[in-house]
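J.: Now for the letters of each chain:
2 protein chains.
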Amino acid sequence: MAGETVDYYPMWKSLDMDTEAHDGLLGAVGQMYGDMFLTQHNRPKSTSYLDNFATNLHSGRIKEMLDAKEQGRIKKIIGSFCLYVPEEIVAAAGGVEVGLCAGADWAPEEVEKHLPRNTCPLIKGFTGFKLGRVCPYIESADLVVGENTRDGKKKGYEFFATQKPMYIMDVPHVRTDETKQMWRNEVHRLAERIEQETGQKITADSLRRAIKETNDKRRALQRLGRVRAADPTPISGLDSLLITQAAFMDDTPRLTAAINAIADECEQRVAKGEGVAPKGAKRVLYTGTPMAVPNWKLFNIIEKAGGVVVGEECCTGSRYYKDLVDEGGETVDEMIDNVADRYLNIHCAIFTPNQDREQDVIGMAHDLHADGIIDCSLSFCTIYEMEAFGMEAAAEKAGFPFMHVTTNYSTEDAGQLKTRIEAFLEMI
Amino acid sequence: MAGETVDYYPMWKSLDMDTEAHDGLLGAVGQMYGDMFLTQHNRPKSTSYLDNFATNLHSGRIKEMLDAKEQGRIKKIIGSFCLYVPEEIVAAAGGVEVGLCAGADWAPEEVEKHLPRNTCPLIKGFTGFKLGRVCPYIESADLVVGENTRDGKKKGYEFFATQKPMYIMDVPHVRTDETKQMWRNEVHRLAERIEQETGQKITADSLRRAIKETNDKRRALQRLGRVRAADPTPISGLDSLLITQAAFMDDTPRLTAAINAIADECEQRVAKGEGVAPKGAKRVLYTGTPMAVPNWKLFNIIEKAGGVVVGEECCTGSRYYKDLVDEGGETVDEMIDNVADRYLNIHCAIFTPNQDREQDVIGMAHDLHADGIIDCSLSFCTIYEMEAFGMEAAAEKAGFPFMHVTTNYSTEDAGQLKTRIEAFLEMI
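Residue numbers (our numbering), protein chains in the order written: chain A, 61 to 488; chain B, 61 to 488.
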């Protein structure tokens, strides 16, 4: 798509977007991208994919989806905010699932007419993007699938549903045989709802293909995750985070090919001892709340301070790709159960108990040779704030230096964060 | 129990309580009780029951339960923090269910070693009461039954379970045929767990008796709720709140008799036109988060400012008593299902959607001739903070003046609250 000169304003206007405000948003995000990503030294050349992705994020990618819909190659665009909404189901019914904008503050005065000030920035974020009409993903989505995960989202969706057609999935908070069955039923109900939306039945063939395609994406991400164990590490945390963020938005086969190309180059760099940061740079494992585009603040601070993020245990990280769907099912029902079972095993902080997450973090810290762990919650994200105490104890027991950070989408705390992170990197 | 001089220190010490700190707590609560309750004018005489209840709260009532346990009249003491833990089940298995201390800040420095500062005061409260060893209900409980309701409680119980034997119930957040069955199964599992704890099987007779006894308590509370529709209203909101608080802690038949005696006197007062506040005093309906002993701050401010609280739509109010358990079941299984179904119909803000709560509030405001509605959340109680927006819209639509308040257990905001509430009472 690069190199074309296309006028996207008619498209944005057709989506009833506020193009003037949207220009401001694109300008600000473009500036951030330049300051954070393009100033990195010695990036793998294949990360040009990311620059292209970022350029087309609100323009070319949207046009591509709308064109595909017009031409009947995809039936509907299904928006989501969470890892628990299985993209295989959407793809198998002829839809495309996209992650919706939630990574920045927008129209806060409007938002606070409907949500408390003390609400998680991610929830205020998607509400503001909608109220301000500046997210082409939200505006082009035919249906938004929410999930009863956290208190704030559960109640926040009640308002969002007054703004967009929504369908809500009920996600268990404990893992038992009974909730496993309940969740399978829930994924079957989603399948019916998506079929109804797209007008296309899920077949064994279409679901098998969707499972394979999504697993291929995860396999590529796993490869990339593994190369980061090298010292020097061949790719930055910032670029790696953006790759996972892209996985929620870009076309799956294109993305998979791009990740494999990046992984190829990274493997060659590892063989040659080339890295994005010097050998011996302090290696940080990130764990915590998800980071939606353009929430790159923390990673940028860590890496500009001379550290390097070598892994992300979070929804925009390993939780997205660590487990594959069993490819062995024969019937549609069996395959839907396989999909459901894979998603139930995401170690989100909504679950109680959730020791699995601690084990994942410590396992990744070992595998990726982390020097320390930074655990971050968005403000007012109760479940991550509360799990931070157990996480700290687990890190201490395993001998990893640990720091908990609470932040939001503003830049107000950037100075303070920088100071704390520099001190942490010096200490580890 | 009044009038006896009993040395309770040996009992408190046997519970491994910090008696010195506990003395401080009792002194402070006693002072508050005097300032708030005993300064009320023209209370019904039968509220002497409440003064006696308050006097014996941490002493006589605990001794009574421990004595009954020693003598085998009750098998175990089961603690809970929530309306969703069915007391009929506990009673039918020979136990007694008591609400645990959660209505004040205690040992905040200790608490913040385990929970984030930005945690709901109720959750910090019970954690502090435990860490400070100043709640004889917590210390005498053989088992504490928690529930996956809010994010903060769900995660807070993970820590509490390191301090006390706990059993957690999983509560649905949506109402469907499937979750109804799931919740029935959950109540059956609770029954098994309590039977295991008490060593006593639930029989059709014991469960029928427990259902009847608990319904009688609710019928008495309903009677009392109705008399408050009169103008002048015969009993204060403060006394009414304490009655519901007592319902979580006192012996059921004694409490039921006391409430009926208060209701008798109130009915006579209504017939004579006697009230606790002058005819025409501004009538407030309360809705919001529960208020555990000794959280009387808001009601005290409202009533000292010349208003009168005429009803409480909350867990320490109408939700506790508005619905009876169907008394028609024959077998233990049928009766357990009946119990479960009654509890699933509590209109807590954990449910989505939860329009039923709005309907309850507006219905009560009409029935009790409220002049306005005060909706209150404890700080960081996301679900109530978020429902406040819909509640305000519902109140506006129904023509009731509405005020939302966010507060905590400190007295720091008392002045500001007083100013806001005085302005509200003047306006309505």
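Just so you know, the hints here were simulated from the structure itself, not pulled from any lab data.
Be aware that one or more of the hints could be misleading.
Identical copies look the same in the list; a pair holds intra-copy or inter-copy alike.
[To be verified] Each computed DSSO-like pair below joins lysine-lysine, with the alpha-carbon atoms no more than 27 Å apart:
| no. | residue 1 | residue 2 |
| --- | --- | --- |
| 1 | K457 | K224 |
| 2 | K478 | K382 |
| 3 | K457 | K135 |
| 4 | K224 | K105 |
| 5 | K457 | K173 |
| 6 | K240 | K478 |
| 7 | K240 | K272 |
| 8 | K129 | K457 |
| 9 | K332 | K342 |
| 10 | K478 | K173 |
| 11 | K261 | K173 |
| 12 | K224 | K332 |
| 13 | K478 | K261 |
J.: So, for every hint listed, does it hold in this structure?
T.: Status of each hint after checking the structure:
For the identical chains of this complex, K457 and K224 are inter-copy neighbours only, at 23 Å across copies versus 46 Å inside a copy, given an alpha-carbon limit of 27 Å. For the homomeric pair K478 and K382, neither the shortest alpha-carbon distance inside one copy (30 Å) nor that between copies (54 Å) is at most 27 Å. Proximity of K457 to K135 under the C-alpha cut-off of 27 Å is found in neither arrangement, the shortest distances being 51 Å within a copy and 40 Å between copies. In this assembly of identical chains, the alpha carbons of K224 and K105 never lie at most 27 Å apart, being 40 Å within a copy and 56 Å across copies at closest.
When the C-alpha separation of K457 and K173 is checked against a cutoff of 27 Å, the pair qualifies only between copies, where the shortest distance is 17 Å, while the shortest distance within a copy is 45 Å. Proximity of K240 and K478 under a CA criterion of 27 Å is satisfied in neither setting, with 43 Å inside one chain copy and 50 Å between copies. Only within a single protomer do K240 and K272 lie at most 27 Å apart by alpha-carbon distance; the minimum there is 23 Å, versus 36 Å between protomers. Proximity of K129 to K457 under the C-alpha cut-off of 27 Å is found in neither arrangement, the shortest distances being 52 Å within a copy and 41 Å between copies.
Taking CA atoms no more than 27 Å apart as the test, K332 paired with K342 passes inside one copy only; the shortest distance there is 20 Å, against 80 Å between copies. In the homo-oligomer, the alpha carbons of K478 and K173 lie at most 27 Å apart only across protomers (25 Å), although the nearest pairing inside one protomer, at 33 Å, exceeds that limit. In this assembly of identical chains, K261 and K173 lie within 27 Å of each other by CA distance neither inside one copy nor across copies; the values are 41 Å within and 53 Å between. In the homo-oligomer, the alpha carbons of K224 and K332 never lie at most 27 Å apart, since the shortest distance is 51 Å inside one protomer and 56 Å across protomers.
In this assembly of identical chains, K478 and K261 lie within 27 Å of each other by CA distance neither inside one copy nor across copies; the values are 52 Å within and 61 Å between.
Of the hints listed earlier, those the structure fails to meet are numbers 2, 3, 4, 6, 8, 11, 12 and 13, in rising order.
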